Amino acid sequence: MLRVILAEDSVLLRAGLTELLTLGGHRVLASVGDAPALLRAVAAERPDVVVTDVRMPPGLRDEGLRAALELRSADPSLPVLVLSQYVATAYATQLFTGGSAAGLGYLLKDRVGEVEEFLDALRRVHEGQTVIDPEVVRVLLAPRPANEPLARLTPREREVLALMAQGLNNQALAARLFITEASVVKHASSIFTKLDLDPTEGNRRVLAVLAHLRGAEPA
Amino acid sequence: MSASIPSVPVPPAPPAPPVAVWRAARRPLRFLGSWWPWRCWAYLGSGFPLGYGVLLALAVLLGLGVLLAVAGVGLLLLTAALAGAVPLGELERRRLRWVEPRPVADPHTSLAGAGPAAWLRTRLRERATWREFGYAALLGPVFGAAGLGVVSLLAFSLMLVASPVIVWALAPEPVMLVPGEVVAGPLEALGGTAVGLAGLVLTAYAGALIAGAQVKCARLLLGPRTEDDRVLELTRSRVRLVEAFEAERRRIERDLHDGAQQQLVALSMTLGLAELRLRAHPEAADAAALVSRGREEAKLALAQLRDLVRGIHPQVLTDHGLAAAVSEVALRHPVPVTVDLELPRLPEPVEVTAYFTVAEALANAAKHSGASRVGVAGRVEGDRLTLTITDDGRGGADPGAGAGLAGLADRVAMLRGRLTVSSPVGGPTELRVEVPCSG
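Residue numbers (the working numbering), protein chains in the order written: chain A, 1 to 219; chain B, 220 to 658.
No lab work stands behind these hints: they were computed from the structure.
Don't take every hint at face value.
[Stated by the list, open to error] Here are some chain B residues the structure puts well away from chain A; computed CB gaps all over 12 Å:
| id | residue |
| --- | --- |
| 1 | Leu295 |
| 2 | Pro391 |
| 3 | Val414 |
| 4 | Tyr424 |
| 5 | Lys435 |
| 6 | Cys436 |
[Stated by the list, open to error] The calculated label-pair distances, taken between Cβ atoms and stated as ranges, are:
| id | chain 1 | residue 1 | chain 2 | residue 2 | range |
| --- | --- | --- | --- | --- | --- |
| 7 | A | Thr193 | B | His500 | 48 to 54 Å |
| 8 | A | Leu177 | B | Ala463 | 38 to 44 Å |
| 9 | B | Lys586 | A | Thr193 | 46 to 52 Å |
| 10 | B | Arg469 | A | Ala142 | 50 to 56 Å |
| 11 | B | Asp559 | A | Arg61 | 42 to 48 Å |
| 12 | A | Thr193 | B | Arg469 | 25 to 31 Å |
| 13 | B | Arg496 | A | Ala182 | 34 to 40 Å |
| 14 | A | Arg61 | B | Pro555 | 27 to 33 Å |
| 15 | B | Arg340 | A | Glu117 | 55 to 61 Å |
| 16 | B | Ala508 | A | Thr193 | 42 to 48 Å |
| 17 | A | Val185 | B | Asp477 | 32 to 38 Å |
| 18 | A | Thr180 | B | Leu509 | 32 to 38 Å |
| 19 | B | Ala463 | A | Thr193 | 54 to 60 Å |
Owing to the predicted nature of the structure, the values given are computational and were not obtained by experimental measurement.
Cβ atoms here follow ideal geometry from the backbone N, Cα and C, with glycine treated the same way.
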């Protein structure tokens, strides 16, 4: 059971998400409707995970995301799952640039329809993994000649990288792609080599995507 | 090839309003008995010292200004001469009320910004300022001289009218009204009085004529020009239209985001929960499959709605600015796009216009150009944003053909910017946008 604080300004969704989380066996410590209330609630309750919307009152811009960043800079170990209506990579970039990406998640709101997937993402974020929405990953990793160094990856490697970015482990990945775990490992090392990533670094599943996100940060 | 804004037909100018003092002068007796002659004399009498003062000031400022232009200080003096025409114009518009009941409106536009620098920048750009300067230059040599003439004639006439008194007062000294002929006594000087009265009538008419001419001239040079007026009003109404359109876009985006999108997310979540529960009952497998399909459809609707909302107004533009929003479009573009934008946050109308221009240009490049690469580059230099969108396609884009480019040219023109398209047949196509950022 996780103790969750939920921030979402739509009353309808707040009630639905609370129900969903409760059904998943978690406890919603507080559900709030704006960014300042979120900061107050987290300070008061010390939850296991924070789930927040990007667009929130008072300004109805990216207050929720900013609140998430503020919470993370105060406590880098606090797991935060950000729900967004936007595929726009700028928001994901904003979230993942700066501190550690461990225990951070960026999911499209659509994902809450896939209840089990959503609850699984919450659990993974709590375990310190990084979760990036498959749709965002798809946009980022779409084959495009201009997109160096991702252009160097084969279509299969890109597929593997996309699933890795979503936080799937080798076993799940192998099952999803109907290949052996050994070939997943082979693809992975090839990807790391092509993207010049240090294979010894921890949590490397999403390193490739994060590297790309950081590279995509507008000047 | 340049895209230009279609010209808007301007209705014919209304006839010029009549000059009040000239109308009054058409009824001689009433005119002479009215206040009109006195008003004209006061107007011209105060005008000539003012006119000569302005002439002197202009001569000094312009003379020194030209002499010292090389040293740089001269330019300041020349600027001062030009800027000084603005308060003079204001004074003259007020003084004109002595002889013209219909006021002349202030031709200047409202200021873009506060402080003396903004004042000077705006005023020096206006044609009205230059017209006022022209009026200032005429004031001394033309109206000052005419005014001096009238005042002299007035003084001389008054002296003649008073000649019997003068003769009486100066007696026994001999007085000559006409050189060489001594006037014997006050009674004999009555002839002079008659000439003086005739002179006064003449002076009254001369004053009316000249004051009326000055009214005409002031209307022409100190008032708003009707065509400026209309163009200004036209621009304002277009700006209002664009702003209203923009506000409406934002409202639709907000309504969709806060309403339909959230409802669909909630629906898809409810269906997800229902599916989860149904899956616990093997006998309800059919129902679970149906609910699952419903959820997939809701997901599809959400994705479509998201694209639609982004097309209406991308939130990333508001939150992260032009460079980020353009990068998002580039990521989704079927043709590889190189984005080279080094931009600070700009005023919202500039960002919105620039964004939609780039989006339209990229859409055109994908649809028509057959390009294999597109480049978007942008910089802010001084207070101008310059954006260029180039593709290596087959060229031949016609800005007049589609509503897209012409509409964009209009929007850019709204911000006092410029959109040019260079697209020779065979390519490459370059679209260039320049917009001032000072707002």
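Which hints from the list above does the structure break, by number from lowest to highest? Structure breaks hints 8, 9, 10, 11, 12, 17.
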